[in-house]
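Chain A is already provided as a structure; the job is to place chain B on it using the hints.
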Amino acid sequence: MRIENPYIPKLATIEKIITETWDTKTFRAVFKDEELRESFTYEPGQFQEISVFGVGEAPFCLTSSPTRKGFVEFSVKKIGSVTSALHEIDEGATIGIRAPLGNWFPYEEFKGKDLWFIGGGIGMAPLRSLLNFCLDNRKDYGKVNIIYGARSSGDLCFTYEFDEWQNSPNTELFLTIDKEEEGWNKNVGFVPAYVMDLKPSPKNAIAITCGPPIMIKFTLQNLKELGFEDNQIWTTLEMKMKCGIGKCGRCNIGPKYVCVDGPVFSYAQLKELPPEY
Amino acid sequence: MEAKVILKQDLAAWIDALVKQYEVIAPVTEDGVVVFRPVSGLSEMAIEGMVGPAKSLREHFTPPTETLFDYKLEDLSAEVIPPENEERHRVIFGARACDAAALLYVDAVYSNVEPIDTAYFMRREKTYLVGLFCDKPAWSCFCTEVGDFLTNPVAMDVYLTDLGNRYYAEPLTPKGEELIGLGNFRPADENDKAANEEIRRKALERLPKRAEHETACLSYDWDHPVWIELAKKCLSCGACAFLCPTCHCFDIQEHPKLKKGSRYRCWDTCQFEKFTLMASGHNPRETRKERTRQRVFHKFKYSQERYCMLGCVGCGRCIAACPVNIDIRKVLEELEKTAVAK
Chain A
1 MRIENPYIPK
11 LATIEKIITE
21 TWDTKTFRAV
31 FKDEELRESF
41 TYEPGQFQEI
51 SVFGVGEAPF
61 CLTSSPTRKG
71 FVEFSVKKIG
81 SVTSALHEID
91 EGATIGIRAP
101 LGNWFPYEEF
111 KGKDLWFIGG
121 GIGMAPLRSL
131 LNFCLDNRKD
141 YGKVNIIYGA
151 RSSGDLCFTY
161 EFDEWQNSPN
171 TELFLTIDKE
181 EEGWNKNVGF
191 VPAYVMDLKP
201 SPKNAIAITC
211 GPPIMIKFTL
221 QNLKELGFED
231 NQIWTTLEMK
241 MKCGIGKCGR
251 CNIGPKYVCV
261 DGPVFSYAQL
271 KELPPEY
Chain B
1 MEAKVILKQD
11 LAAWIDALVK
21 QYEVIAPVTE
31 DGVVVFRPVS
41 GLSEMAIEGM
51 VGPAKSLREH
61 FTPPTETLFD
71 YKLEDLSAEV
81 IPPENEERHR
91 VIFGARACDA
101 AALLYVDAVY
111 SNVEPIDTAY
121 FMRREKTYLV
131 GLFCDKPAWS
141 CFCTEVGDFL
151 TNPVAMDVYL
161 TDLGNRYYAE
171 PLTPKGEELI
181 GLGNFRPADE
191 NDKAANEEIR
201 RKALERLPKR
211 AEHETACLSY
221 DWDHPVWIEL
231 AKKCLSCGAC
241 AFLCPTCHCF
251 DIQEHPKLKK
261 GSRYRCWDTC
271 QFEKFTLMAS
281 GHNPRETRKE
291 RTRQRVFHKF
301 KYSQERYCML
311 GCVGCGRCIA
321 ACPVNIDIRK
331 VLEELEKTAV
341 AK
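Protein chains in written order, with this note's numbering: chain A, 1 to 277; chain B, 1 to 342.
Next up, chain A with everything else stripped away, as it sits in the complex:
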């Protein structure tokens, strides 16, 4: 039996590049193989390994929703060698993709519940996949609340979707930035503090959060204070991953590997792990 080499990426073309902020771009890629382009699917929360040939490979969450077919998207903050190379490339360039990898948000369990998406900066990227998935299956979920914060208004990603988000039925978008800014008429303050101001009710609700470690830490504390149970809080730990298939041993936290047992974890699951994330 011939088994496919799991380290070999599929070739894809960058179809569209959206400049999100001064240091972040979103890339839309389509597989070169037509059959794969048609058949490819994934779940919200899964990730992909993106190759820039000649530079290397790095993991990025699938930012797009599987309800929107024919392409994959990923958002990239310019921070290391692969991300810098991605910021240099143009539309039409060939990249490699290994996907879909990892687990996903248990969206079936979330059905019928109010959802609180709590994102900070580029941490909104993995949440966007689930958010757009829920909005495309709007009747399955209760009220959808989006708390999204960044350092400044210029650091907010996906601004071109804000109208769609807040105009969806029974959906509300709460924006916040760290410091006062001329012309800014929304909230000012850190995300965890804004969560306390908005006081989401834990009754029949799920909170899904992602952002810088410090934001997640205080958001978790505040959600607990508001009465959220450990299994009502979900996050995604996009960290340390390399091979993406549980072999290279880089992303283990205790007996778990982020790349195969995650990247999505409930707070209840995280508490079982050693504090190494």
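Calculated from the structure, these hints are not laboratory results.
Among the hints, erroneous ones may be present.
Within a straight-line C-alpha distance of at most 25 angstroms, the following computed DSS-like cross-link-like pairs (lysine-lysine) qualify [said to hold, decoys possible]:
1. A:K113 <-> A:K10
2. A:K139 <-> A:K69
3. A:K113 <-> A:K16
4. B:K289 <-> A:K271
5. A:K25 <-> A:K10
6. A:K111 <-> A:K224
7. A:K10 <-> B:K72
8. A:K32 <-> B:K260
9. A:K113 <-> A:K139
10. A:K111 <-> A:K143
11. A:K143 <-> A:K78
12. B:K260 <-> A:K10
13. B:K257 <-> B:K8
14. A:K10 <-> B:K257
15. A:K224 <-> A:K271
16. B:K136 <-> B:K72
17. A:K69 <-> A:K25
18. B:K330 <-> B:K289
19. B:K202 <-> A:K77
20. A:K16 <-> B:K209
21. B:K209 <-> B:K337
22. A:K224 <-> A:K143
23. A:K199 <-> A:K271
24. B:K55 <-> B:K330
25. B:K274 <-> A:K78
26. A:K10 <-> B:K259
27. B:K126 <-> B:K20
28. B:K136 <-> A:K32
29. A:K217 <-> B:K289
30. A:K77 <-> A:K179
31. A:K32 <-> A:K10
32. A:K203 <-> A:K217
33. B:K20 <-> A:K217
34. A:K113 <-> A:K143
35. A:K186 <-> A:K199
36. A:K32 <-> B:K259
37. A:K217 <-> A:K77
38. B:K274 <-> B:K259
Please read these numbers as outputs of a predicted model, since none were measured by experiment.
Okay, now just chain B, sitting in the frame of chain A:
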């Protein structure tokens, strides 16, 4: 399967027969130490009175660097070229029981979740192991503390014991019987069996007794003072991990040459500071305290929780090679004092 015996005078002819059909990898002395290398006959082999091999079999299953694929770039397009599969079947002759047992652990890691690591398993499937009973354990050996595979070998096809003028050979798989069929073996008699038992008994006398690491290790103390002591001594050189037959972690790197290049993987270790350093600057295991704890926990706690086996086969290479004399047996003793007390 019936045990057999081969006289030492017939060994060379058996090796020659194996070499005709297989690539034979056997212990040789290289720069004064025993390592496993391809051989063309018995005269090259350092099998008689063999001391512990300096390196395990690891490099023959997961090479220190291994090309994952080559690529060619053309304007905006790219072509990916997978590596050629190794077609030749191999016999590893003289493998130690600890190193063979380590393969079962690496098998678990590379097949625990889909997709399996194809390059590794292709090599595993095409490699047959002729083991050699370890009758001269080194001072650092503690295989009997972590398993009974010295007397109940795993992952081998044939198990040999040196009886002086002859080798006692136990075929453990049908493939092992086939390999034995290529040599001038005779059935083992009662004398052979008794001699084999005696040699094993004597070796076991020299080794430490079975410890209860399995239960003790699961309650290891995260904040134990031994981690601080280890951090003071450890140099983060990684010798322990690179000589370890169960360590399997790797990095993935790119080797670009203008319009073409290759992506490869290479050995890496959790003992290196940059192993867990992320592009953002965040490092969950920033100090040696966290990294030494990770290594011990991974082998004796996490591996049990994930793969239901210890991640250590007691080969003792980490102890023998450590430049600052860190002895994992003593670390375990310290940890188990409090683990048992709990």
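Hint check:
A C-alpha spacing of about 37 angstroms is found between A:K113 and A:K10, which places the hinted pair above 25 angstroms, so the restraint is violated. With a C-alpha separation of about 20 angstroms, the suggested pairing of A:K139 with A:K69 holds against the 25 angstroms cut-off. Under the criterion of a C-alpha separation no larger than 25 angstroms, the hint pairing A:K113 with A:K16 is inconsistent with the structure, at around 34 angstroms. Taking the CA atoms of B:K289 and A:K271, the gap is near 21 angstroms; set against the 25 angstroms cutoff, the hint holds.
A distance of roughly 22 angstroms separates the Cα atoms of A:K25 and A:K10; the hinted pair therefore holds under the 25 angstroms criterion. Note on A:K111 and A:K224: the hinted pairing holds, with a Cα-Cα distance of about 22 angstroms set against a maximum of 25 angstroms. For the hint pairing A:K10 with B:K72, the CA-to-CA distance comes to about 14 angstroms; that is within 25 angstroms, so the pair holds. The hinted pair formed by A:K32 and B:K260 meets the criterion: a straight-line CA distance of about 20 angstroms does not exceed 25 angstroms.
Restraint check: the Cα-Cα separation between A:K113 and A:K139 comes to about 11 angstroms, which is no more than 25 angstroms; the hinted pair holds. Annotation: proposed proximity of A:K111 to A:K143 holds, straight-line Cα distance about 11 angstroms (limit 25 angstroms). For a cut-off of 25 angstroms, the pair hint linking A:K143 to A:K78 is broken: about 34 angstroms separates their Cα positions. A threshold of 25 angstroms between alpha carbons decides the hint, and for B:K260 with A:K10 the separation of about 17 angstroms falls inside it, so the pair holds.
At roughly 52 angstroms between alpha-carbon atoms, B:K257 and B:K8 are farther apart than 25 angstroms, so this suggested pair is violated. Distance restraint check for A:K10 and B:K257: the Cα-Cα separation of roughly 21 angstroms lies within the 25 angstroms cut-off, and the hinted pair is therefore satisfied. Taking the CA atoms of A:K224 and A:K271, the gap is about 13 angstroms. The hint holds against a cut of 25 angstroms. Note on B:K136 and B:K72: the hinted pairing is violated, with a Cα-Cα distance of about 51 angstroms set against a maximum of 25 angstroms.
In summary, the hint linking A:K69 to A:K25 is supported, as the alpha carbons are separated by about 20 angstroms, within the 25 angstroms threshold. As the CA atoms of B:K330 and B:K289 are separated by approximately 16 angstroms, the hinted pair is consistent with the 25 angstroms bound. Between B:K202 and A:K77, the direct Cα distance comes to roughly 63 angstroms. Violation of the 25 angstroms bound is thereby established for this hinted pair. Proximity of A:K16 to B:K209 is assessed by CA-CA distance (about 65 angstroms); at most 25 angstroms being required, the pair is judged violated.
Only pairs whose Cα atoms come within 25 angstroms are accepted, and B:K209 paired with B:K337 is accepted, the gap being roughly 17 angstroms. For the hint pairing A:K224 with A:K143, the CA-to-CA distance comes to about 20 angstroms; that is within 25 angstroms, so the pair holds. At roughly 23 angstroms between alpha-carbon atoms, A:K199 and A:K271 fall within 25 angstroms of each other, so this suggested pair holds. Distance hint between B:K55 and B:K330 is fulfilled; the C-alpha atoms sit about 23 angstroms from each other, no more than 25 angstroms.
For the suggested pair B:K274 and A:K78, the alpha carbons sit about 19 angstroms apart, so the restraint of at most 25 angstroms is met. Distance restraint check for A:K10 and B:K259: the Cα-Cα separation of roughly 19 angstroms lies within the 25 angstroms cut-off, and the hinted pair is therefore satisfied. Between B:K126 and B:K20, the direct Cα distance comes to roughly 16 angstroms. Compliance with the 25 angstroms bound is thereby established for this hinted pair. Using a Cα cut-off of 25 angstroms, the hinted pair B:K136 and A:K32 is violated, with the two alpha carbons roughly 59 angstroms apart.
For the hint linking A:K217 to B:K289, the alpha-carbon distance of about 23 angstroms falls within 25 angstroms, and the restraint holds. Simply put, A:K77 and A:K179 have alpha-carbon atoms about 21 angstroms apart, close enough for the 25 angstroms limit, and the pair holds. This hinted pair checks out: A:K32 and A:K10 have alpha carbons roughly 8 angstroms apart, not beyond 25 angstroms. The suggested pairing of A:K203 with A:K217 holds, with an alpha-carbon distance near 22 angstroms, which does not exceed 25 angstroms.
Between B:K20 and A:K217 the CA atoms are separated by roughly 63 angstroms; this puts the pair beyond 25 angstroms, and the hint is violated. For the given pair, A:K113 sits about 7 angstroms from A:K143 by alpha-carbon distance, which is consistent with the 25 angstroms threshold. This hinted pair checks out: A:K186 and A:K199 have alpha carbons roughly 17 angstroms apart, not beyond 25 angstroms. Straight-line distance between C-alpha atoms of A:K32 and B:K259 comes to about 20 angstroms, which keeps the hinted pair within the 25 angstroms bound.
In summary, the hint linking A:K217 to A:K77 is supported, as the alpha carbons are separated by about 21 angstroms, within the 25 angstroms threshold. Proposed proximity of B:K274 and B:K259 is contradicted: the alpha carbons are some 29 angstroms apart, above 25 angstroms.
Hints 1, 3, 11, 13, 16, 19, 20, 28, 33, 38 from the earlier list are contradicted by this structure; the remaining hints agree with it.
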